[in-house]
Amino acid sequence: MAIEVDSSEQFAGYAHPERLVSTDWLQDRLGAPGLVVVESDEDVLLYEVGHIPGAVKIDWHTDLNDRVERDYIDGEAFARLLGARGISRDTTVVIYGDKSNWWAAYALWVFTLFGHPDVRLLDGGRAKWSAEGREYTTERPTPAVAEYPVVERDDESIRAFKDDVLAHLGNPLIDVRSPEEFSGERTTAPAYPDEGALRAGHIPSALNVPWGRAAADDGTFRSPRELEELYRGEAGLAEGDEVITYCRIGERSAHTWFVLTHLLGFENVRNYDGSWTEWGSAVRVPIVRGSDQGEVPARRG
Amino acid sequence: MGRMTTLPAPLAQIRDDFLELDQPDRLVLLLEFSGELPELPARFTGHPDLLERVEECQAPVFIFVEVDEAGTVFLHATAPEEAPTTRGFASILVQGLSGLTAEEVLAVPDDFPQTIGLTDAVSPLRMRGMNALLARSKRQVRAKTAA
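Protein chains in written order, with this note's numbering: chain A, 8 to 308; chain B, 893 to 1039.
Rather than coming from a laboratory, the hints here were simulated on the basis of the structure.
Just some of the chain A residues that point at chain B, by a computed CB distance under 7 Å:
1. Val51
2. Leu53
3. Glu55
4. His68
By construction, the Cβ of each residue, glycine as well, lies at the ideal position given by its N, Cα and C atoms.
Just chain B, with the same shape it has in the complex:
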């Protein structure tokens, strides 16, 4: 499990926090993350063009990545109140990825969501939602550092 040691400190801390809890309390912690998801910065809220339109009635989740001149990544996300699990996943990534360098974000293992002990409490299918968020974040980092 050598890659564990390369996990950025904030994500490693989040993982450890989940793993030391029993299953029901992991859901409680996920709910706390959900409540901590920050509001979108005002400069994004007036830009519906940045939002991807989602069909059907699934709660839409949007992720915006910024990379500053020093190569530091900032992640912003929004999801409706009625989608606390999605908000929790997004909040974990906002707290775990923001402030890292682009290289560090890109080096985060793609299976990080499977390592934080939520799979049984949430179901494997739902965890894929977090994989998608992580993949999307990385894709945006890649796009924004390619120029």
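In isolation and in its complexed conformation, chain A is listed as follows:
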């Protein structure tokens, strides 16, 4: 790795502590060669209001999603994007954002589709940086364009498609949406724009563990012990399990993917980014209404 990991005690209990950095660690290394800080928010204008000095912006929607097809950008576009932000393949990237790093985790997941080797989250994200009274600036950095190789996106290892989910039924499936979305009272997160699903409910056998339960009030991740209790205890996940997570469009579930993969060490976790906006509109897929998980359905035709 290009830059030493944050070896602070608070991260030691996580499976992959090298995936997190603290605000202190980052403050001490701002401007270090080989380090690029990336802000990724739900709100497309939040970066412009003020960001960590030197941080560049990557927007989940306008940068990481393809403009025409419902898919992520391809290897060439990713290389152009990262090169323009001054990121090369050996750069240590630290991503942070609003809402307990919800979108930052999503950006990290997309970076991982392209196998970027060293990408980390700032634990606590924007909220913690602000709460500690640290500096924000509106000055936009002008990074020198870097060479980033064209890497083919890996859609197998950490990404699941609808057919993968159908074949997966009977294995652990985590629905990270709100209880109201899970039960089918509503198809969108409260107060969010309607992203359009024709049916409400959840995928049969899915367990509802809202993503935000993995975050503490200050936006940091919950402690290793708390996460163990939540996912191994309450949700019953066991070593070696293959897990798929989903939400509406795959963003909240990327946060849970990060927790399961990097903080708890599960090695076979995939994020179904089609999520409810695909499943809830797809023809002839099984759906369960109500707060019970529901049975794994018999295979159809």
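Based on these hints, arrange chain B on the given structure of chain A.
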């Protein structure tokens, strides 16, 4: 595009201001609107009962419509500082709708948000947030003029 001509003057002006800018500058203008969103009048701030509780951690946005005896609409909105895009959308509507008659507000095309040239800069999904604000404002105008 006949309906364009029926757009109330303040909204037409806002639309034209956005459309004459290139994409990055449209975001800058939206940020300016965001900064211009007025504080809620004091008479609202002591009334949490008027606020809809929003679950999860989405930045809550609240809209209050008043219609005076002459039928003039006043729109008030509040959204947190950490939600500048939402604040910008709300501010556009506060500036564009306040002072219009109820009839004029109700006649504003529902797709006004799609006509101001922000869809590419902000993303189509996010623009739906502004559609929801416009729809909510109209719904309140309708409710307050129905009595």
